[in-house]
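**Student:** Each chain, written out:
There are 2 protein chains.
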Amino acid sequence: MDVLAAGHPARGELAGSPQRLAVIDLGSNSFRLVVFTASPEGWWKRTDEIYEPVRIGEGLGESDVLAKGPMQRAFAMIDVFAHFCRANGLYGNMVDAVATSAIREARNGEDFLVRAREMSGLSIRVLSREEEARYGYMAAVNSTTLGDGCMVDLGGGSMQLVRVEGRLARESGSWPLGAVRMTERYLRGRGPAKRRQLDELRAHVAQELAPATWLRRSGTRLVGIGGTVRTLAVAAQRMEGLPSIGVQGQIVKVQTLDTLIARLSELPPAERAEVPGVKPARADLILAGAVVLREVIELGGFNGIEATEAGMREGVFFERLLAVEDPPLFGDVRRASVLNLAAQYHVDEAHTAHVAVLALGLFDDLAAARLHPGDSVERELLWAACMLHDIGMSVDYDDHHKHTRYLILNAGLPGFSPREVALIAQAARFHRKGMPAAGELAPLLSEEGDAGRLDRMAVLLRLAEGLERSRDQLVRGVGVDVDDARVRLRLVTDESATVPRWAARREAELFARAFGTTLEVD
Amino acid sequence: MDVLAAGHPARGELAGSPQRLAVIDLGSNSFRLVVFTASPEGWWKRTDEIYEPVRIGEGLGESDVLAKGPMQRAFAMIDVFAHFCRANGLYGNMVDAVATSAIREARNGEDFLVRAREMSGLSIRVLSREEEARYGYMAAVNSTTLGDGCMVDLGGGSMQLVRVEGRLARESGSWPLGAVRMTERYLRGRGPAKRRQLDELRAHVAQELAPATWLRRSGTRLVGIGGTVRTLAVAAQRMEGLPSIGVQGQIVKVQTLDTLIARLSELPPAERAEVPGVKPARADLILAGAVVLREVIELGGFNGIEATEAGMREGVFFERLLAVEDPPLFGDVRRASVLNLAAQYHVDEAHTAHVAVLALGLFDDLAAARLHPGDSVERELLWAACMLHDIGMSVDYDDHHKHTRYLILNAGLPGFSPREVALIAQAARFHRKGMPAAGELAPLLSEEGDAGRLDRMAVLLRLAEGLERSRDQLVRGVGVDVDDARVRLRLVTDESATVPRWAARREAELFARAFGTTLEVD
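These protein sequence lines are chains A and B, in that order. Taken in order, the first sequence gives residues 1 to 522; the numbers are from this note's numbering. Taken in order, the second sequence gives residues 1001 to 1522; the numbers are from this note's numbering.
Hints in this document: simulated from the structure, not taken from any laboratory. Check before you lean on any hint, since a few could be wrong.
Okay, derived cross-link-like pairs now, DSSO-like style, lysine-lysine, Cα gap no bigger than 27 Å in a straight line [stated by the list, open to error]:
| # | chain 1 | residue 1 | chain 2 | residue 2 |
| --- | --- | --- | --- | --- |
| 1 | B | K1253 | A | K279 |
| 2 | A | K402 | B | K1402 |
| 3 | A | K402 | B | K1279 |
| 4 | A | K45 | B | K1402 |
| 5 | B | K1402 | B | K1045 |
| 6 | A | K253 | A | K194 |
| 7 | B | K1433 | A | K45 |
| 8 | B | K1279 | A | K433 |
| 9 | B | K1194 | A | K433 |
| 10 | B | K1194 | B | K1279 |
| 11 | B | K1253 | B | K1194 |
| 12 | A | K45 | A | K68 |
| 13 | A | K45 | A | K433 |
| 14 | B | K1279 | B | K1253 |
| 15 | A | K402 | B | K1045 |
| 16 | B | K1045 | B | K1068 |
| 17 | A | K279 | A | K45 |
| 18 | A | K402 | A | K433 |
| 19 | A | K194 | A | K279 |
| 20 | B | K1194 | B | K1045 |
| 21 | A | K45 | B | K1045 |
| 22 | A | K279 | B | K1279 |
Chain A is nowhere near these chain B residues, computed Cβ spacing over 10 Å in every case [as the list claims (entries may be wrong)]:
| # | residue |
| --- | --- |
| 23 | M1077 |
| 24 | D1148 |
| 25 | E1309 |
| 26 | E1380 |
| 27 | R1469 |
Where is the CB? At the ideal position from N, CA and C, for every residue including glycine.
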């Protein structure tokens, strides 16, 4: 049993009062300090971050040594991190500083580390290739529903691949195929990329990965982490006209990736940020990264790449948070996500849990009466909407249904697809009044039947909320009688429950739209 | 010294651990239960609310008694409130239930109360006219900068007026001129309002208010509370094409009010919700309320009405929160608003306070060098943006500048006008990157020079944030040298501060746009 899914306080080394962990990631492309906080109330999240595209790996491909300029930028940034940690009371095992490919493989990497440690007082550890792969795996498996498939972590210096079976890491490897390195080696020109350059890069990737024969046995699902994957996911969303609600769970299809590679190739590096979704700071690196990933897809026979916002840093944090689990995995990623978000906003647990019980009870009874398909995923999304419907009260009581939508869309729910997050957010948005509609999220809710799903989720949540108007579980349960085109609710309660009845009757119009029947409340 | 403005824990009866007060307002038009929470961390806010337009005063104008139907609705709702309080552990002096005009003045009001108390176990007190007026006054003076002027509280049954001088209540009165009452007496028809009906209503208001000769001596500023005022403020915003960021501080001009009255009069009551901003539940009452308020403006010679979202319920809460003050007033409403919002989101106080010190220091030095006007209000808005810039981190670290904007716009800042709130929110929105622009808030930022104000606020906040990159006050201060078209910053620091220098230099482009000079950082 994992700690968050069960709604229990976080355990492991982070148990007790709110605990923080600063993960410092000295990557080949960027340096990042991320502070994670785990509360005894059962939630965890990133609470701070400092990011700088230091590019310590710049020029490393040619010389095998860290160059002077990059090292100076690195020392200055490590100094900032050290200051930040001291200023924020982060010391000892509350700080975990890790260095990856560039520093690990440079001939003067050890010299650099000696000076960095001395200057900053930080204990920096160099991750082995295996450790780096394992942290990427933990990030992927704890932020998506990946059960069987493959994880790819493409950084600036190296790329890690892990084959996953039954959520466990089975095979893994690390290759010096990072985006900075490949750009410097194969795509140096200032003009558009040449066909020959791209072919050489592809051939190099294929040759390097040839020994990983297990790649072909990884199934069709590929989860990707790292800045290249996130950038490609944003670009894919723009290309497909999808609203921007974060890239968590966004799938970059093979065809979309091919189109993006074609567009990027036609532009000189300095202009690649013209492709919507590509930021200037990454414009020169994105093409090489995209080509490497495309070749991984080709070699493994994957369907595309599913992006996750979690990265190696989250892996380091999960190892600590879930220390009592072996392996350190959430029991149910989707459930853990919902409970984690709910716990951040101090909702009235007895109320939301009872709203969920009432709404799911209605869902089941109406499905049994064949008034809707009773799909199990829809049921899970309804549960999530019930658990989260009131979190917007933390912004302001007025319009809290709209604030709930905002918070869900912006914080995200790892394990759910963007479409599923949109359904949850939109059902919560309509938990008080108004006729449900997809609004700006329409491009995400384009699966057949989504309008009906949203109606059903919203009206069941509203009925349950109305029955829980006094928030004291006055209405213990609801009986459902169905005859012809009429649904009659019988409230199970010891008291008069006049207001719950009024509240429930108000939903007759939406109920009729959702289920095609009249609603009566006894 | 008031408790919130000083950043101290809330004192008075609400001191210690987080304290809650449920105010139950049994008004003539609506019943409302509002839970206020005051935290020892120094913030307070509404944390829950149940609202129902019970209309207990329905028919009261004709008969002088509470009618059977309205009383039944009232008992059912009071039962819900009692359940809610028990379910939420609110009892004894944590609940303050007050009844106003309708119940106070009905011949069977006492019978109603006896039964309501017996049934619910709630201690309901009937407010005298003076008490009701005083609570309205406390709400107005603690949620706006009203120093000299008048407060009008228009309810369903009665209207209270309080003349304010030097923030103190000087004269007051209460009249049975509420919106429900006046609608029933003067505007009963189902068709458009007749000229004669409106004239009779106006004459009645004038006659009733004639004894309040002090009304003419109240100056030109009128602050209005109650649902009628809020509805008119929303309608005014729609009419003027302003973005909807709440009505706090929105001024309804006389001319706008006249246009609204003319439009509403032309429509039958059932269709008045067609006027944008008017909700169906209030469509039948809004015209009478608007006419009463228009007559108050006429008689007092006011400039218009300034809406506040605080109401009598907030007055009851403020009396408790500010119990150690006499009278119970915030020392500085604007300052208290900013600190209250900041405290809700656990910002790093040492960091935000130092960002404010650095930004305001730059503001002052650049004003001394005549590079900008050095307006004191702009300085205060810059301070507010500094204090609040990081609150969006509570939603998600990514895009926290955008979340900050959302939280500021949606929670509101009592004491600031919508335009001022927009400037603060937009400056915070651009505290990390991007070229500042008004975006959707453009209609609010239409005063001459607003674009320049926003640029100055954003770039000074960004410079300060860059200098505070390590969040440990490494850069203690900044010296400013100005010659010709060049500004040179000298960082006061004991250490190398390489990164703060980089960060500050990055702002040269925006600095040039804001101040018309180049920026150098030594």
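**Student:** Which of the listed hints are broken here?
**Tutor:** Violated hints: 1, 9, 12, 13, 16, 20, 22, 23, 25 and 27; rest satisfied.
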